[in-house]
Amino acid sequence: MLSIILLSVSGLANLFLGFNRSNRLILPFVLLVLAAVLGVTVSGIDTHGALAVWNQSPYFTGMLTFDRYAQVFTGVMVLTTLLLLPFSQKYVRDGNANLAEYYSILLFSLVGGIMMVSYNNLLIFFLGVETLSIAMYVLAGSDKSNLRSNEAALKYFLMGSFTTGILLFGIALLYGATGTFDLAQMGNAVRAIPAADAGLRPMMHIGLLLMLIGVGFKISAAPFHFWTPDVYEGTPTLFTGYMSTVVKTAGVAGFFKLLFVAFGGETIEFWLPTLTAMLVLTLFIGNVGAVAQTNAKRMLAYSSISHAGYLLLALVALQSGRLSVNAIFFYSLAYSVATVAAFAVLKLVHDQRERDDYDGLNGLARTNPLLAFVMTVAMLSLAGIPLTGGFFGKFYLFSAAAQEGHIGLVIFAVVMSAVGIFYYLRPIMAMYMKPAAEGSDAPVFVGGFQSAVLVLLVALTVLLGVWPGVVEGMF
Amino acid sequence: MGTSLFYFLAFVALISALGVVFAKNPIHSVLFLILTFFAISGHYLLLNAQFLAAVNIIVYAGAIMVLFLFVIMFLNLNTDTEPHKPALAKVTAAVAGGLLLLVLIAALRNVTPVGADAATFDSQIGMVNRLGLVLYQQYLLPFELASVLFLVAMVGAVMLGKREEGERNF
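Protein chains in written order, with my numbering: chain A, 1 to 475; chain B, 1001 to 1170.
Isolated chain A, as found in the complex:
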């Protein structure tokens, strides 16, 4: 709760900083705020101890619980944002007139993300989804003079608001079937339905199905993924990085909570086949689609679809409880860190060379060895090569799914990650094997602070890969 208040208030304060002529104050302020929120979250004063008591005052009536689950996923999201924002320095240098608005919208969208992982009531979940989505629609179109960006924003907005309608319809039907928005009460009502009123069962099923569609769109799971490549390509690179990490973490963690608390037990038999089909389709489309791309951003868009597929494995293995929560946590952490590193390099290269296809990365190993190395580590981590965080992320997910007896799914996912290695190696080949094009062989400008953050990103990825126990015991 404290993190929500801090982020909302500083988002407001930040808007006023935008009145300044100079942009220099805004970035340090936002980084400071995020560091403070991360500190509050990690230290856990929000979760236990005296401050947490007023959470339970009657006014909040169990709308939101800031428990361990919320704490951990809030930490992942805030850390991701904190690591991503230093790469917006070009906006500061260029004197972008809307910088304060960008950062404020990001801070507010984090509030939405936190609501999605700490909700206890579907009303809060819906508000969180909307806050996060509306912020993303705006940021997708933030490069106003770029037609691609306009297209991305419009596409995302139209499709997104349509799916919001579907999500809301699902929530309404669930309310009709169970008579409550509260997660725990909904779980009790769902378990009581067969005895109480069997006629309500189909209504609950259809509500859950519509919610599955709504959330599936937000995390770009197939067959609701069609917007992803176009939107990711058109959105300014910095915000694409945010979209593919924070939105995905919040969506998967929030939906896991819903399924785990309210629709575990016997109801699993209903949604498991649907979710399994979505998972297989998502993995297939994401990985095979990525092979055909020539643009690094589009490739990462398809790769983010495939990672949504891997994360769905944890939802399928829901019965393993702690194991699959831990898998979601570790995977989203490793995936977020690697994705931020990849988008950071793409952003820096794009700022100077103004292109984001594979050929734009040519010769980077010679001009900027650090950038090339960071990109290589990020790609290897996304592919799930040992000694990087991505390996253990996949390992935890697969072992959770295997424990629940989904051996066939695990084998399929392993085959798909083998396909993944093929396309993740292509940027590495471009950087190390091909010479830079004439006239664009000048080193890409990287600030000192940015270099430090890049090194930190690599260090985190390797640390998670060689010592996964460092974040163990969270649950």
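Keep in mind that the hints were calculated from the coordinates and are not lab data. Treat the hints with care, since some could be wrong.
[As the list claims (entries may be wrong)] Listed below are several chain A residues computed to face chain B (Cβ distance under 7 Å; list not exhaustive): (1) 105; (2) 130; (3) 189.
[Stated by the list, open to error] DSS-like cross-link-like pairs, simulated, lysine-lysine; straight-line CA separation at most 27 Å: (4) B/1024 with B/1085; (5) B/1024 with A/90; (6) B/1090 with A/434; (7) B/1090 with B/1162.
All C-beta atoms, glycine included, are put in the ideal place defined by N, C-alpha and C.
Once you've looked at the hints, dock chain B against the given chain A.
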């Protein structure tokens, strides 16, 4: 009386909703939509939700419809400029929508409506003061957090709509 009124309102709502889709002229679509909103407000009244009925008319039939009309007049839409949709898209949309309808009807077929008990029914339940009590006690937190949502939307709209230096739109 209540039942026949319900059927009448449902009939009006359905017919005018179909009118929204099938009308060639966008202005007619908007007018049909207003009719739909009035019929739905009638349903709210039947459900004893007076406040919602009034808000529905003020916000939807009033403000949002005026916004729609503004946009339509700004863009100068008419039948000539309406994009032609391919037949395949129409067939696919009809099949998908029909399937959704089929599934919804099949799912809700066996639901038995629970009527209100006349002995314990509280006729004041939809009044503004009751609503306020619930909104500011039980639902205070969502109410406050919704302000963040509206703030994002406002900041975003201003950011996207504001004129950049050296740019002229009109």
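Task: Restraint status (C-alpha distance of residue 1090 of chain B to residue 434 of chain A at most 27 Å) - done: Answer violated: residue 1090 of chain B to residue 434 of chain A is near 48 Å, above 27 Å.
Open item on the list: Hint residue 130 of chain A vs chain B: min CB-CB distance below 7 Å?
Closed with: For residue 130 of chain A, the interface hint holds, since the closest Cβ of chain B sits about 5 Å away, which is under 7 Å.
Open item on the list: Check whether the Cα positions of residue 1024 of chain B and residue 1085 of chain B lie no farther apart than 27 Å.
Closed with: 14 Å, holds
TODO: Take the C-alpha atoms of residue 1090 of chain B and residue 1162 of chain B, compute the straight-line distance between them, and say whether it is at most 27 Å.
DONE: Outside the cut-off at roughly 38 Å; violated.
TODO: Compare the distance between the alpha carbons of residue 1024 of chain B and residue 90 of chain A with 27 Å, and conclude whether the hinted pair is satisfied.
DONE: Given pair residue 1024 of chain B, residue 90 of chain A is violated - Cα atoms ~49 Å apart, limit 27 Å.
- [ ] Classify the hint on residue 189 of chain A as holds or violated, based on whether any CB of chain B lies nearer than 7 Å to its CB.
- [x] 14 Å, violated
- [ ] May I ask you to test the interface hint for residue 105 of chain A with respect to chain B, counting a Cβ-Cβ separation under 7 Å as satisfied?
- [x] Result: holds, 6 Å to nearest chain B Cβ.
This entry does not satisfy hints 3, 5, 6 and 7, going by the numbered hints stated previously.
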